[in-house]
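Next come the chains, spelled out residue by residue.
4 protein chains.
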Amino acid sequence: MAEDGVLAYPIIAVNDADTKHMFDNRYGTGQSTLDGVVRATNVLLAGMRVVIAGYGWCGRGIASRARGMGSHVIVCEVDPTRALEAVMDGYEVMPMGRAAASGDLFITVTGDKNVIRAEHFTKMKDGAIVCNSGHFNVEIDIPALEKLARSRKMSRPFVEEFTLRNGRRVYLLADGRLVNLASAEGHPASVMDMSFADQALCAEYMVKNARKLKKKVYDVPKSIDQQVAKIKLESMGVKIDKLTPEQVKYLASWNEGT
Amino acid sequence: MAEDGVLAYPIIAVNDADTKHMFDNRYGTGQSTLDGVVRATNVLLAGMRVVIAGYGWCGRGIASRARGMGSHVIVCEVDPTRALEAVMDGYEVMPMGRAAASGDLFITVTGDKNVIRAEHFTKMKDGAIVCNSGHFNVEIDIPALEKLARSRKMSRPFVEEFTLRNGRRVYLLADGRLVNLASAEGHPASVMDMSFADQALCAEYMVKNARKLKKKVYDVPKSIDQQVAKIKLESMGVKIDKLTPEQVKYLASWNEGT
Amino acid sequence: MAEDGVLAYPIIAVNDADTKHMFDNRYGTGQSTLDGVVRATNVLLAGMRVVIAGYGWCGRGIASRARGMGSHVIVCEVDPTRALEAVMDGYEVMPMGRAAASGDLFITVTGDKNVIRAEHFTKMKDGAIVCNSGHFNVEIDIPALEKLARSRKMSRPFVEEFTLRNGRRVYLLADGRLVNLASAEGHPASVMDMSFADQALCAEYMVKNARKLKKKVYDVPKSIDQQVAKIKLESMGVKIDKLTPEQVKYLASWNEGT
Amino acid sequence: MAEDGVLAYPIIAVNDADTKHMFDNRYGTGQSTLDGVVRATNVLLAGMRVVIAGYGWCGRGIASRARGMGSHVIVCEVDPTRALEAVMDGYEVMPMGRAAASGDLFITVTGDKNVIRAEHFTKMKDGAIVCNSGHFNVEIDIPALEKLARSRKMSRPFVEEFTLRNGRRVYLLADGRLVNLASAEGHPASVMDMSFADQALCAEYMVKNARKLKKKVYDVPKSIDQQVAKIKLESMGVKIDKLTPEQVKYLASWNEGT
Chain F
-16 MAEDGVLAYP IIAVNDADTK HMFDNRYGTG QSTLDGVVRA TNVLLAGMRV VIAGYGWCGR
44 GIASRARGMG SHVIVCEVDP TRALEAVMDG YEVMPMGRAA ASGDLFITVT GDKNVIRAEH
104 FTKMKDGAIV CNSGHFNVEI DIPALEKLAR SRKMSRPFVE EFTLRNGRRV YLLADGRLVN
164 LASAEGHPAS VMDMSFADQA LCAEYMVKNA RKLKKKVYDV PKSIDQQVAK IKLESMGVKI
224 DKLTPEQVKY LASWNEGT
Chain A
-16 MAEDGVLAYP IIAVNDADTK HMFDNRYGTG QSTLDGVVRA TNVLLAGMRV VIAGYGWCGR
44 GIASRARGMG SHVIVCEVDP TRALEAVMDG YEVMPMGRAA ASGDLFITVT GDKNVIRAEH
104 FTKMKDGAIV CNSGHFNVEI DIPALEKLAR SRKMSRPFVE EFTLRNGRRV YLLADGRLVN
164 LASAEGHPAS VMDMSFADQA LCAEYMVKNA RKLKKKVYDV PKSIDQQVAK IKLESMGVKI
224 DKLTPEQVKY LASWNEGT
Chain H
-16 MAEDGVLAYP IIAVNDADTK HMFDNRYGTG QSTLDGVVRA TNVLLAGMRV VIAGYGWCGR
44 GIASRARGMG SHVIVCEVDP TRALEAVMDG YEVMPMGRAA ASGDLFITVT GDKNVIRAEH
104 FTKMKDGAIV CNSGHFNVEI DIPALEKLAR SRKMSRPFVE EFTLRNGRRV YLLADGRLVN
164 LASAEGHPAS VMDMSFADQA LCAEYMVKNA RKLKKKVYDV PKSIDQQVAK IKLESMGVKI
224 DKLTPEQVKY LASWNEGT
Chain V
-16 MAEDGVLAYP IIAVNDADTK HMFDNRYGTG QSTLDGVVRA TNVLLAGMRV VIAGYGWCGR
44 GIASRARGMG SHVIVCEVDP TRALEAVMDG YEVMPMGRAA ASGDLFITVT GDKNVIRAEH
104 FTKMKDGAIV CNSGHFNVEI DIPALEKLAR SRKMSRPFVE EFTLRNGRRV YLLADGRLVN
164 LASAEGHPAS VMDMSFADQA LCAEYMVKNA RKLKKKVYDV PKSIDQQVAK IKLESMGVKI
224 DKLTPEQVKY LASWNEGT
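Residue numbers (this note's numbering), protein chains in the order written: chain F, -16 to 241; chain A, -16 to 241; chain H, -16 to 241; chain V, -16 to 241.
FYI, nobody ran anything at the bench for these hints, they're computed from the structure.
All C-beta atoms, glycine included, are put in the ideal place defined by N, C-alpha and C.
Mixed in with the good hints, there may be bad ones.
Simulated pairs of lysine to any residue, SDA-like, Cα-Cα distance not exceeding 25 Å [claimed, not checked]:
#1 F/K106 <-> A/G220
#2 A/K106 <-> F/L216
#3 V/K213 <-> V/N(-2)
#4 H/K205 <-> A/G220
#5 F/K195 <-> F/E217
#6 F/K197 <-> F/L(-10)
#7 A/K222 <-> F/L(-10)
Residues from chain H that face chain V, not an exhaustive set, calculated with beta carbons under 7 Å [as the list claims (entries may be wrong)]:
#8 L27
#9 N149
#10 Q182
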């Protein structure tokens, strides 16, 4: 919108604050997505083949937590750098076209649409579970799933069973909406506190600096990020180091040392 | 009871089947205990200091899953071999007397009584959460907690807040009963299937061999364990290797090789 | 040998001491095997597909450490219970016949012979690395590899390159002998101390009880295991809990509690 | 230097390429630092208390690998956001002043000077090991260590033993120089390939665009990063997904979806 010149007022991209996306998106989504899946289905995550589409902050968080619960994690990505990071983190990386045939649980967190579609549903094993934790309910092509099905029914709250014409059953959680919000309680308060603090402090900042700001997208001021992290650490009782004056000076210079 | 000669009939110790304790106790309890805690409290496990009393199969399972969710795990044990195993697995090991002062969440899985008692409650931080996933509600000395409290109230279902006379609040989950059964759905079906298969096959075995068995405690026959594991792998679509005749022969001999 | 009645004197199976196989075999072999591979080849373990044949104590240790270094771990097993444990621990499990085609590094720790043989070598990718950390140099069928090769040369110390007739190169480390002993320093002193303590204390025990012992295989006395673990913890500065008299009594009884 | 106007020619900050710092600094340093420590000392990492100063890309890599080897990891940081990330990743975070008393192994990767200094050495346990993997040999205040020592000797190659006046011994590895370069082989070729590709392609880019570039610091062009990652994945035999035309369109628009 900024590029199209249609922004009506200044914006701070709060979602890009380090204390937001590195925490809420990663640790919050990581835990609450699995929480949503378990509450909806009561599956045992240990030994499951979990396919995660997207290796951004949300995907990294879910992958890490799924492995932590004993799942075998497979990552699907379109970005080569992210795909490579997933490989180096020890996950299997493959296209969805291949992952579809072997996954037990599929989770989309890409921010794009139709990530899982007809060509994938038809390859899935009987009993495959499909859900979304990324964006809107467009990540999974639900109309395609409906067309492939010869019958459907609710088997548990938030769990809809689609029996495909090939005889296999696919379970869609929470109508493809955010599974952590639908079948669990969303993110824990102890991570949302940081996101809300970012929003409140950025709103205050915009009011205070209203005259100087233009109709464009701004980064979160670094000082707000630092302040939020500092208060959070204090609330957890964690103490950290301080730079000595000598260290501050050393970091600022380029002509000391070798 | 066997030692006291008071067993009225033969017993197979089904809980000692490998396909029971290594799976149900470890992976089942590991997941469902954290599931119970999260459903009761909606805390973020990442960054929490989780104190686990007991490093048997249940404790190993919970420790592994808590670390997998990003917690800092502290293990309390009385057995030196188990304590050493916990150290080598990368956990902090310390007596409860010291852990009490720094833990955010305490989980007992020892099979013993009064593992957390008055001397520990009084050291806890404000907001500490205490629960049991091991045995009966005797692992936590609840009468002692009641005596130390100047007031108590339910703050969420399954979460009772005790305000101690030192002004700090301790939260007891599910009256100290098994937190995974109380506030979650217990173990997933996909791990209980093995435990139930062990029980059914052992019952069949006892009926078939009723005449031969004495009034004592028997181990689960190895063939039952193997059969359960084999069927479980098949149901998951996992294929494994078979020994070649040459390999069978080699394993059985002691005079081949060097 | 005991079954064949050919033991010439009593034996204590020191290798079965908890403080031996749970530590030396697992943590010792886990670290030193990867150490041996890295010193021989200087490969980056992150992102590698590591195939481990055998999920006993050594295999568990290597699998855990390889995952910890960022490898994607595949386990091959013949025992269904162990295979299932590997699955639940989050590893991929498949027969060697399938793993051979996708692995980057193969490690045998089975105690059996010809675990990797002609049928597997011919499926391997160009550049596959094969080594043994389990037993003697019979786990890998080296004569078969030699027959399949049209040329061979040492490419680094401990690294022999076999160019197969299919044009692909397979690298055999340390002539198939224990890779941790050959190209690294074997187990660290800080885990061998326990194994040697077990041996020394068991030797002392046998001398003291020489008259009572028969020509058969004995378990390590529990008290020796406990003593070794206790001293090891002390040397590491780790303190653990002690049972209260009330707890000792509770554990010993079967008619208290519900 | 750019700010001071003293740059003599244009610079591309190759170290900031995603395919450099996210891989070489993290996975390369992570593995090779521990490799250096193990080759120098042959310690068992499992069960060790490893203190890592700095939670940048190098620190994250070392922390992850040390935990993967069974160490208990403690992180020291001055930046609150990084410190919080370390907490949420499950590590203990505390000031060096406190960590000094309980660590078994200390690794500095901060890019600053005198991170470990007199006040820390005097608190260390007998047998503590100190090394640097971050920057120059200024991260550890070696002159201070020398002053505190009443004697010193080489106990193994790359391992110097300082006996302090308090009677405790501190072991300094590789004179405080980069331990992975000194006592191991540096980063594996399979991660340096990417860093060198970045450098080569950036050099080519600068030559081709020499006329347009000013005497300032440029980011690595995104296309170079993508190209390096893409080729690396191909060389590893990893295939990834491609966006469909529909998906490309969706990502570019802001007025589709809700």
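Verification of the hints:
no.: 1; hint: F/K106 <-> A/G220; verdict: holds (15 Å)
no.: 2; hint: A/K106 <-> F/L216; verdict: holds (21 Å)
no.: 3; hint: V/K213 <-> V/N(-2); verdict: holds (19 Å)
no.: 4; hint: H/K205 <-> A/G220; verdict: violated (40 Å)
no.: 5; hint: F/K195 <-> F/E217; verdict: violated (33 Å)
no.: 6; hint: F/K197 <-> F/L(-10); verdict: holds (10 Å)
no.: 7; hint: A/K222 <-> F/L(-10); verdict: violated (58 Å)
no.: 8; hint: L27; verdict: holds (4 Å)
no.: 9; hint: N149; verdict: violated (17 Å)
no.: 10; hint: Q182; verdict: violated (18 Å)
The structure fails hints 4, 5, 7, 9, 10 (numbered hints given earlier, in ascending order).
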